[in-house]
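If you read the sequences in order, they're chains X and B.
So the first sequence is residues -9 to 443, counted in our numbering.
So the second sequence is residues 74 to 377, counted in our numbering.
Derived by calculation from the structure, the hints in this document are not laboratory data.
Just so you know, even glycine gets a beta-carbon here, dropped at the ideal spot from N, CA and C.
It is possible that some hints are incorrect.
Part of the chain X face toward chain B, derived, beta carbon under 8 Å [said to hold, decoys possible]:
1. 83
2. 264
3. 403
4. 436
Pulled a few chain X residues facing chain B out of the computed Cβ check, cut under 7 Å [claimed, not checked]:
5. 90
6. 407
7. 411
Negatives, chain X to chain B, calculated, CB over 10 Å [unchecked claim]:
8. 119
9. 131
10. 176
11. 424
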Amino acid sequence: MTVNKPSSGPKRALDKKRAALLAGCAATVLLTVTACGGGTAGTTTKDGFAQAPQKDGALTVWVDATRMDAAKLYQKLHPEVKLDIVSYDGDANGSNYLQTKVQLFNRTGKGWPDVVFSSQNNEASWAVDAGFAAPLNKGLVDEGTLGKFAKGANDVCTVDGTLYCLRNDLSQAVLWYNAPLLKKFGYTVPTTWEEYQQLGEKVAKEHPGYLVGDAGDSFTPEIYLWASKCGANHITGPKSVSVNTTSEACTKMATLLDVLIKNKSMSISGVFSTDFGKNEADKVLLMPGPAWYGGAVFRDTLKVPAKQIAAAPIPQWQGDSSPSTGNVGGGTWLLSQHSTHVKAATDFLKWVTTDNAYQGEKAPGFPAYAPAAEAWLKGQATAGYFASDLSALSAAASQVWPEWGSGQFSQEAIWAATVKPGLTQGKSIVSMLPAWQDSITKYAKSNGYKVSQ
Amino acid sequence: MTATHSSAGSATRRPRGTSRQSRAGVAFVAAYVLLLIAFGILPTGYAVYFAFTDAGGTFTGFSNFVTTAQDFRFMDAVGHVALYLLFWLVSLVVFVVSLALLLHRLASGTISKSLRFLFYIPGALAGAASVLVWLFMLDPTVSPVSSLLGMLGFHTFGEVIAPGNLPLLFTIIAFWTGAGGWIVVIYGALNNIPQDVMEAARIDGASAWQTAWRVQIPMLRKWIVYMVILAFAGGAQLFVEPQLLSLASVGVAGRDYSLNQLTYDFAFQMNNINGAAAVSVELLVVSVSAAAVFVARSGFFDAD
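All chains should be modelled from the sequences, with the hints used to inform the complete structure.
Take a look at the structure:
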């Protein structure tokens, strides 16, 4: 006891010092993480949002691998602009990378990209809440330019009447088909869903193994049920959705799918799965799918030779007077509210979405900007891969059924987790429609949506 | 004379050497303690702070815990993790201990050494990489064991990863990645059992089974408990396996299968960092409590 006494004084002082140091460290960590988010000093309200003080310096642009060409081309054509091009996954497969990062940047108060590409359509649904996306139709992009986007193209970017992103490409669905094979079998392209089902039944009997479609992807509901005007995902307001998966519009399409899945003229593998590539790549007679199927699926993944694949309008139900199609993705470009180079960022944004140098000539998907789309279609015709012209895509561009929206929760993820496993086990889609509805409702509520039927 | 001299010399040098050693010890421990504070204790404290406050930093009591527990996915995730932990811990204890005992009994040192090395290899692959290996193994189209999968009735990747199969699949992946290291550890512990104890068992006529059951396993108890505590804490944090499987299956395996995935979803999908912190604090409390029970029941810290 006594032996320890002399040292206890300085030791206690040392302990106190250590404690103070520790507390200091803790406080520093807390402060750096929490306090830096503030700081709105020096902002000017312009173009509909509070802009940070503008500076010179490099423009930071985030793109996925496919859009890397766009950024590089811009750099080549605009050598005077300092560009910092960052490659990321483009939020492919709903990875949420952008949202994750923006939330972290919001906490640390720095790091946001000036312009960012996303392959997802629902970025505006969170990016507005997170204070990331800048309004574009309040001064940044003129009405003349915005008016030339395909009808409805920028609906996914509009929240409460304000535009928060620009659509890169459209993903309207059409009916892709193998023209020489169809001719060889003596079939004609179906124009109604009734004819499509009859053809599927014929194919199952006369040419078993050949396919009229695929229902194995997580975007199956967007190709088939959306085109059938099934009201599973009607976003009626910024935080409200109406969900009804059991209406006739839904059940008749689900029944069609069930019949064709049962007779095996429709695959449940998914076009990007290894089993589809290995066993069914050369068995595709017809396949409803979005605009990007032409390049990404038939040419690049399934390696179908040139002059075989053609596009026809997606079938309609008999007696339906207004043609409708679904929409499977299509990228968007967002501009950051935090940008300190708003002018340069806007120039880049306008160029990348509208300029023929990229959208008309180099873009792999059907451009959302109508004049660029025309140039793109001409380019496709010259390239000579497809067996027909792609005018079906132009017609479908304005036929996307508007009552299916892009909410914060992922329809693809819900379908994949709720319906796909049952499909693999041999359950019918019709029997799973109520479970699908239940799941959408739960996810929507959990994301703060008001759900109605 | 020389002896005395040298012993006197060493007697004078020893304290200096000891103090140098103890200073080195303190330096090493201090570095660890600093890292522990910076990357263990402070973040934990920060998470606890988040769990009891809202986005604006106001104290909210248990409301984050209530909100997250009421989320429709929460109980499902608890069930998934509980089932996985049951499969994983039972298989770990049974197979690791059995394999280590078998290895120890192998007469040939070379075979035992090669097998230990073989068992250890999968553990050398990083977590995500080993899951990727399994994604190939489990896809009948590309798997080297596709005929085996075919015999079991699996012809597509979708059939293999049906929701009912997931706890078993995650157990197999985790066992393959993590068990090899534990086999080596338990094998080392078996080597530490004194030869005379084993000798005595043999003289008393104990069979191999009796020796294992009545002598070796009781003496391995602490190591087994240590393994279970760490495996429990690791297993409760199940994340990489379902996340990668979910990406590979484009969502079939679910993005909210485990509690940790749900935490990730709360934080980055639903912008509810505080709710995410509440779930992670619950995971911490459960793991620490389970460890405390195991430690108390097994006398883990009792001196030998």
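Hint check:
no. : hint : in the structure
1   : 83   : holds (6 Å)
2   : 264  : holds (4 Å)
3   : 403  : holds (5 Å)
4   : 436  : holds (6 Å)
5   : 90   : holds (4 Å)
6   : 407  : holds (5 Å)
7   : 411  : holds (5 Å)
8   : 119  : violated (7 Å)
9   : 131  : holds (27 Å)
10  : 176  : holds (32 Å)
11  : 424  : holds (16 Å)
In the structure shown, a violation is registered for the earlier hint numbered 8 alone.
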